[in-house]
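Asks: Protein sequences appear in the order of chains U and G. Just so you know, we're using numbering that gives the first Met the number 0 here: the first sequence kicks off at 0 and counts up by one. Just so you know, we're using numbering that gives the first Met the number 0 here: the second sequence kicks off at 0 and counts up by one.
FYI, nobody ran anything at the bench for these hints, they're computed from the structure. No false leads were slipped in.
With a straight-line cut-off of 30 Å between C-alpha atoms, the simulated DSS-like cross-links for lysine-lysine are:
| hint | chain 1 | residue 1 | chain 2 | residue 2 |
| --- | --- | --- | --- | --- |
| 1 | G | Lys89 | G | Lys147 |
| 2 | U | Lys26 | G | Lys147 |
| 3 | G | Lys36 | U | Lys132 |
| 4 | G | Lys24 | U | Lys131 |
| 5 | G | Lys147 | U | Lys172 |
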Amino acid sequence: MITLCRATLVALMLAVSAIAPAYAQEKTGLKPGFVLAPGTARIVLMRPSIRVGAQSTGGMYEPNADWTDQAKENIATALAKAQTGLGNSVVGYVEPVGAGSAKVAEYQELFGAVASSVIEYQFFKGNRLPTKKRKDQFEWGLGPDVRTLPGLEAADYALFITTEDHFGSTGRKVLQVFAAMARVPITAGVHKGFAGLVDLRTGELVWLNADMQMGGDVRDAEGADKRVRQLLEGFPGKPVEAPIAAAPAIASAH
Amino acid sequence: MSKKLALLAAVATLACAAPVAAGNKLIPAGQRIAVAKSAMTVQPGAEWNKLSERPGRNAETWTQDGDELNDLSFYGGIESGRPLFREVDKKNKPLPKVSATMLITDIPVLLENSYRIARDASSMAIDTIAPIQFAGNKGVRFTYTFSKQNETLQRRGEARGAVIGGKLYLVTYEAPSLYYYDRSVAAARVVADSVRF
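So that you can see chain U by itself, here it is in the shape it has in the complex (with noise of 0.2 Å):
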């Protein structure tokens, strides 16, 4: 029986990757002209903001805490070991207390909110906004306001990332095998990572790394390691992949 499953699922899978070129998406967005010269900006890295539960076979999300100190732990050991080797200077950015913290939380929803709004309105081209399909364009941002946060006014940039994963259940799974029976394609399991760099200038988001479905499992720390690499893939300055970062990857080039 769990042969004839696996069977199944490594059916699904085959099924799920054929049709996927058609759903094929970009994935870095990176504002026209926009370059960073290794040593010359510092960068606040901004607490990143983790969640992660199970779905249900419905599909809804049921947060566990357990996974989620577990993920926020390792994410953290994985930038700590990353963040030295962005090419500039990025320091971990201090909490304020009391009402500057809300402001915190409320900038790294808000964050969250504008990647997402890039990935559907902007990276999956079938969907793009008319106002967003002129050539080399990629406007988007948290707004000036965004530097008057508390303990940013010596920073240049400020490095957002949002991480959110939702680990499907067993029921999940098998709606899934139906589903693509059906020839209609459903996930199982959602595994967001969104990384921004925001112009502490002008409150512009310069660079974005942003995913519905990345890699590693960020409940062990090997698996964090990696979704931290994918997170900062490509990142603006980045000594070893400099060369690659100013090459065909960006989404205003289409």
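Dock chain G against the given chain U, drawing on the hints supplied.
Replies: Using the frame of chain U, we list chain G on its own:
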């Protein structure tokens, strides 16, 4: 077996609900245009995008950066006995219905109760209500704030509407309070001010 059937039913529902070819349309500035499949027309002063997905049968949404960032929606003549949006869970959580005998002060209440159900607006408050002329009819203008379940992002809204000939006409604009509300509110007001029949 019944589980399998339930799953198949779920799949069939999904298949029917699968989006038709998406096609968000450009709304150019300066041209008068009919909205929400109704006799209501507006004249925008700036460019907007009309989303292919409608919130309800006689409704449509315009946006500049995506409906989560700025949402200008029109409800064009919702008949008595009908809800503002498509039902989300008719059996357990039915949406409130429009009534031909509604008073203008019932309009904000209808929106609030509809949002609580259809938009997961866990905290929603109507902040101000004032009588206005809505395309020459007795109407209402109101402002509101809400946030969605599990979110701390505050959203602000401004709406105006009227019950004309027993049907509800309503224009709403809403966006996150941070940055986005102010960014498009002037453009949204130009549209709402221009409503005619």
